[in-house]
Each structure stands twice: as structure tokens, then as C-alpha cells.
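**Q** Chain by chain, the residues run as shown.
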Amino acid sequence: MNGVHDMGGMHGMGPIHHEQNEPVFHMNWEGRVFALRRAMGAWGKWNIDASRYEIELVPPAEYLRMSYYERQFTAFLEILVKSGLVSRAEIDSGKPSDGTSKQSPAFTVDKVTPLVAKGVLTSRDVAVAPHFKTGQRVRARNMHPVGHTRLPRYARGKVGMIERDYGVFVFPDTNAHFLGEKPQHLYSVRFAARELWGEQASPRDSVYVNMWDDYLEPA
Amino acid sequence: MTTTRRDFLTAAVTAAGAAMSPDVSHAQDHDHDHQAVPSDLTLRVKALESLLVEKGLVDRPALDALIDTYEHKIGPRNGARVVARAWVDPAYKQRLLTDANAAIAELGYGGQQGEHMQVVENSPKVHNLVVCTLCSCYPWPVLGLPPVWYKSAPYRSRAVIDPRGVLREFGLELAEDVEVRVWDSTAELRYLVVPERPAGSEGLSEEELATLVTRDAMVGVAKVMSPPKGVSA
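Chains as they are written, first to last, in this note's numbering: chain A, 1 to 219; chain B, 1 to 233.
None of these hints come from the bench; they were simulated from the model.
The beta carbon of each residue, even a glycine, is placed where N, CA and C say it ideally should be.
Any given hint could turn out to be false.
Claimed, not checked - Covered by chain B, per the in silico footprint, the following chain A stretches (three or more residues, Cβ under 8 angstroms):
no., segment
1, 5-11
2, 97-109
3, 131-142
4, 157-163
5, 193-206
Could you put together the complete structure from these sequences and hints?
**A** Here it is, written out as C-alpha cells:
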């Protein structure tokens, strides 16, 4: 979706605040939100692309006003309700609804180390032919899906070069909407800064963007 | 609607006898973007956690262990050790640049949000800068969780269109003849920058070198400074 989250190239966002000796979490609730999202993810009711899309659905004015973890918390409540794990009434009342049975947590303390140490692979060991080869000139498609995409607006319609083929990965645009993983090749595509931003950019500079086959066409 | 829900939650939390977190007063110390009605958020998050625990959906010790892991165990010291090893061992650096996951695993690091790593190297003629314009993707196993500025709109919006301006804001002025490569983390690839080894570090051990390497240098918004004079091998 053409949301405010897709902010590469925007102006007017102000100076960068670089905090010295920054704590990992500034306030206790931030750490709780971080951990709750991981722990509830273990129920397998959504995937990383769906959870990113939920954050993109936070209305633009709210998205920009909110801190990072407030945004995550807001989207988390929505995805919890959509998943059916928790009802809106339960969130509003803070109490389990009558008749719901108590479950056993999916994410227990013994699972922390394995999750942290292994993570979740998004590469797929399936034979899918690449559409492009290293060194080939490609154009990022001029597409504007209303759903989730990882093709940033600043690159759409621009010509770049395939620098590297990483192999086959899950495709976020379908996976976010539970429409299948649609595994396909993922590349590193190099765009000259001047192709993206015109004469104001340095002729030497470039931006490397990860792109899947479905984002690209021959140039 | 929102107000009503917040009132309900506040009432629910108060009724449950939940103590206010001490971080409410602490919130006033910060001048940037994470202070939106902190007491309200403290209460709302606490209420949600209580609900999820009561429903048997989450286990509090697991939450505590996860927070402890990223507050105390995983952070930029990991990445610094990778960089220091690359500086002293050319064969390791080569492995790092060609198969980052395997090379990083040699030092015992890897996992969540670093499942697919790529390492890029700075030189006198090439400077690499990492960003995630779409959200907050960052290589957790080697750098820990990202700082606020990395996730902020100013950095995400400008790193791709004006990387030299962004670097200047961080106090790093690059010469015209240096090539800037910006890496936008739009997929599950996570990037680590191997900064240039600073002048004056020739006699240092690998461990001493690691202490020079900063998080910012491994994101690409800073260079590694030379060791203060008097530090000897």
C-alpha cells in the first residue's frame, strides 16, 4: 500500500535525534510489547509479513505521531483480534470472556533460547527458476498494490542492475494476506542514485534494494 | 471510542491492584518520540499482558527471559567481535564477505532477525550505509535491537535520497570521490558494515580492536576512531 510507512525519499521529517548511551528499552512497557509480540507469534496465527502489514494499516497521522513501540502495540491489538486469539470485548474489559477455557502458553521459557538462536528462515529450498541473472538490467515494476508490498515507491519504474541472486524466498505480497508463500528468487538490485533522484544526487552513489522476481521486468 | 476503551482499561487495571510503573516519571527525561501519554500506555500494556496471562496465552517467565536476552546478552559487542576478527584475519574476512552466516556462526552468533546476513566492507573509496525505509529491519544477532533514530522517520526518509547529508548530521563528511552505497533492507537480508580499521591500531590485539568498534560504525553512520594515544599493545 502507498502508506506513510514507505518513507524513503520524503522530506520534512526533521533532524535525526542521536541519543548517547541509549537504553535498549526506554520504558518498561516497551520491553513488554516487544516480548508479548514474540510470544504471541508462537501461536502461528500470523507471519512476519502480516504483522508488518498490520503496522502499515495504522492511519498515517497516528503512525507519525506514535513512537515505535506504541505503533507496534496498536497493530498488535488489531492482529490479536483478527487472529481470534483474543476478542475485542476481552481487550476492552481486560478480562477473559465467560465460557473461554484457559490454554497453555505456546511460548514457554524453554523456547526462548531456541527462538533467539535459530530464528525463522524465510528462504525456501524449492526448485524455482530465476527470471533474471546477475548483471542483467531490470526495471522495477510501476505497480501500486493496495495490500502489502516491499517494493518501495522511490524505486518503482526505475532501472537497475541485478547484483546478486540470493536464491528462493517467501514472497511478502501474498504471504502477508495468507495467500500462500509464492516462493521466488530474491535479488540485490543496484540503482544509481541519479536514476532514483536525478541530477541532485552524486554520480558515484547508489542504492541497493532487495527485490523479488514479481517486482521486476527486463529493461 | 478510544477514550471509552482507555477508561475501561484504567478501571480494570486499578481494580486489579496493579502498581504504577516507576518509568512514568522517567518519561519526562526524554525530548523525543516515545513519550506519548506514557502512563496510559503503561496501563494499557499491563492490562493486555494480564489478560493474555489469565487466558493462558503467554508465560511471564518467557517474556522476562526474552527481554533479558536483548537487554543484556545480545548487542553490538557481538558485531564488534566479528569486525575485529575480520581486521586481523584476512581469510576470515573473505569468508565473512562471501558467506556471512557461516562466518558469523564461527563466533557463535546468529538467529532471529539475522537468519540471512550480508556483510559489506568500507574502504577509502567505498562507504556503506544501512537503512530500512519501510520499517525497522536490523541485524539483531550482531547489533541487538535498533536504536530509536534508526527506526525514526528522519533517518528512514533521508538515508536513501541524501545519504551524504545524513552522514554529515552524524558528523561524518565524506569526500566527493568516495562512493556511497546505501542498503535498503526491504527483504529478510540483514546487513553488517565492516568499517575501515583506523590508523594507529596496528599493535592492538583482536580484543582491544573490538573495543574500538561502535554500533554506529557497523550501521555505516560513523567511522571507527583511532585509539587514544598511549594505548599500547
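**Q** Indicate, hint by hint, whether the structure satisfies it.
**A** Against the structure, the hints:
A stretch counts as covered by a chain when three or more of its residues have a beta carbon under 8 angstroms from one of that chain; for the segment 5-11 of chain A and chain B the count is 7, and the coverage holds. Counting residues of the segment 97-109 of chain A whose C-beta lies closer than 8 angstroms to any C-beta of chain B gives 9; at least three are required, and the coverage claim holds. Residues of the segment 131-142 of chain A lying with their CB closer than 8 angstroms to a CB of chain B number 0, which falls below the three-residue condition for coverage. Interface restraint, the segment 157-163 of chain A with chain B: violated (0 residues with C-beta to C-beta distance below 8 angstroms; minimum three).
Counting residues of the segment 193-206 of chain A whose beta carbon lies closer than 8 angstroms to any beta carbon of chain B gives 8, which reaches the threshold of three, so the coverage claim holds.
Comparing the model with each numbered hint stated earlier shows that hints 3, 4 do not hold.
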